[in-house]
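Can you make the complete structure from the sequences, with help from the hints?
Sequences listed follow chains D and F, in order. Last residue of the first sequence: 195 (numbering that gives the first Met the number 0), numbering continuous. Last residue of the second sequence: 259 (numbering that gives the first Met the number 0), numbering continuous.
All the given hints hold, so there is nothing to weed out.
On the chain F side, residues computed to face chain D include the following (Cβ under 10 Å):
no., residue
1, Glu6
2, Thr9
3, Ala15
4, Leu16
5, Glu40
6, Leu51
7, Arg60
8, Arg75
Computed footprint of chain F on chain D, listed as stretches where at least three residues anywhere in the stretch have a Cβ under 8 Å from a Cβ of chain F:
no., stretch
9, 24-33
10, 61-71
11, 78-91
12, 157-163
13, 166-179
14, 182-188
Everything labelled a hint here was simulated from the structure, so no lab data went into it. A virtual CB, placed ideally from N, CA and C, is assigned to each residue, including glycine.
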Amino acid sequence: MTDGQGLPGPGPAAEPGAGADLAVLLTHVARGDQHAFEEVYDRMAGPVLGMVRGVLRDLAQSEEVMQEVLLELWRTASRFDAGKGSALSWVMTLAHRRAVDRVRSEQKAAEREFRAASAQIDYDDVTEAVEATLDRERVRHCLRSLTDLQRESVTLAYYGSYTYGEVASLLGVAVGTVKTRMRDGLIRLRDCLGAE
Amino acid sequence: MERGGTELHTLAGAYALDAVSDADRTRFEQHLARCAECVQEIRGLREATARLGAAAAIRPRAELKAGALRAAARTRQLPPLTRDAAATRRGRPARPAPGRYRLWPRRWAPRLAVAVAAGFLAVAVAMGALALGTQHRLDQDKVRGHAIAAVLNAPDVTMLTARVTTGGTATVLESRHERALVFTAAHLPVLPAAKDYELWLMGPGGVRPAGMLPHSRAGMVGPMIVSGLAAGDWVGLTVEPADGSARHPSAPVLMMSLDS
Numbered sequence: 000m001t002d003g004q005g006l007p008g009p010g011p012a013a014e015p016g017a018g019a020d021l022a023v024l025l026t027h028v029a030r031g032d033q034h035a036f037e038e039v040y041d042r043m044a045g046p047v048l049g050m051v052r053g054v055l056r057d058l059a060q061s062e063e064v065m066q067e068v069l070l071e072l073w074r075t076a077s078r079f080d081a082g083k084g085s086a087l088s089w090v091m092t093l094a095h096r097r098a099v100d101r102v103r104s105e106q107k108a109a110e111r112e113f114r115a116a117s118a119q120i121d122y123d124d125v126t127e128a129v130e131a132t133l134d135r136e137r138v139r140h141c142l143r144s145l146t147d148l149q150r151e152s153v154t155l156a157y158y159g160s161y162t163y164g165e166v167a168s169l170l171g172v173a174v175g176t177v178k179t180r181m182r183d184g185l186i187r188l189r190d191c192l193g194a195e
Numbered sequence: 000m001e002r003g004g005t006e007l008h009t010l011a012g013a014y015a016l017d018a019v020s021d022a023d024r025t026r027f028e029q030h031l032a033r034c035a036e037c038v039q040e041i042r043g044l045r046e047a048t049a050r051l052g053a054a055a056a057i058r059p060r061a062e063l064k065a066g067a068l069r070a071a072a073r074t075r076q077l078p079p080l081t082r083d084a085a086a087t088r089r090g091r092p093a094r095p096a097p098g099r100y101r102l103w104p105r106r107w108a109p110r111l112a113v114a115v116a117a118g119f120l121a122v123a124v125a126m127g128a129l130a131l132g133t134q135h136r137l138d139q140d141k142v143r144g145h146a147i148a149a150v151l152n153a154p155d156v157t158m159l160t161a162r163v164t165t166g167g168t169a170t171v172l173e174s175r176h177e178r179a180l181v182f183t184a185a186h187l188p189v190l191p192a193a194k195d196y197e198l199w200l201m202g203p204g205g206v207r208p209a210g211m212l213p214h215s216r217a218g219m220v221g222p223m224i225v226s227g228l229a230a231g232d233w234v235g236l237t238v239e240p241a242d243g244s245a246r247h248p249s250a251p252v253l254m255m256s257l258d259s
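Pasting the structure below:
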């Protein structure tokens, strides 16, 4: 790590190619391989930025969080454990947690009240901002297979960064119901996505 | 399973969505340490949330990449966890010291107005990005929701805030492109029963009523969509008879120029 500018010298013999698995790339990153990190960046910057923007909305702030997340991947790649889940899941979990922490630490109570009021709106034609991907179609298809309450609970939590208690009061249902719907909704989503 | 385990177990979904308080998270992670089945379940649920997140991918600006690579080249990596360390640190993801990895100065001033708009927009994107249809809403609400979403997502959306002279704050998100604005207000004084707040557009095109404000919920009013903006318009707020019978605005309690 003394070569601060990271001149692209010859990589290790087993340098992963463009088609390499993300998990394999991360093991190379963990050993300080800057080429592998560049490949991870190329693959994950878009998904991380899009998700974070869904949570924070402000693009400049989202870019900042995205860069922090990518740097965190570089820093902590050695902690990735393929036995505990996929690399995508590891990356997106880290990124989502970052985004949610940022929202919760910076938002004032008044704003949270306001979100409660504004969450009543139906915004279902705002797709242009999101680049079309095959996976998006699949996710959308699978989201449709959830019940309304499951879908609303899952998306308000994931993209609205509400806690389950807040989701319950937003939707006007019991806290226990929301907890169950979140779990059932994710199980259904998982099964639908896995069963393609 | 320990006492209370069943109740805790239902938190799995909320936990996988990061929809828990810090206290809940700690409790649930203690539970996870004793429940291999739950670890397995969380793993599956996290795969689902990861796909949900990745589906919103957008293309980052190309300029960002060089900065990320430079930052990485300057940043020391963590060594792999040894078995002992892994045991003591399990369930506690490594988190950097606050501020240390910030690449840019914070541009975000936590002013109420900015926070309000950001939260507002976050919900818009969250609900919109995945094109969630909700069949149970009324058509009228839907049309209104679409119009609001169009303003929030317009490329030129700008935000204005102002104090209402009689108390409270108003926030306007405006798009020239959509020729529309979204009006919201917080903590307006409560009016006598026969009175309500009314919005007006005032400009070279004349004075046009823009609708009675809905009643406040938890101190917040709106969001309310106002269409048909013209160049040079101001938005005004007045107190009028609740039946909407006012032909002309009375003295405004708020006037905002929309020319920013």
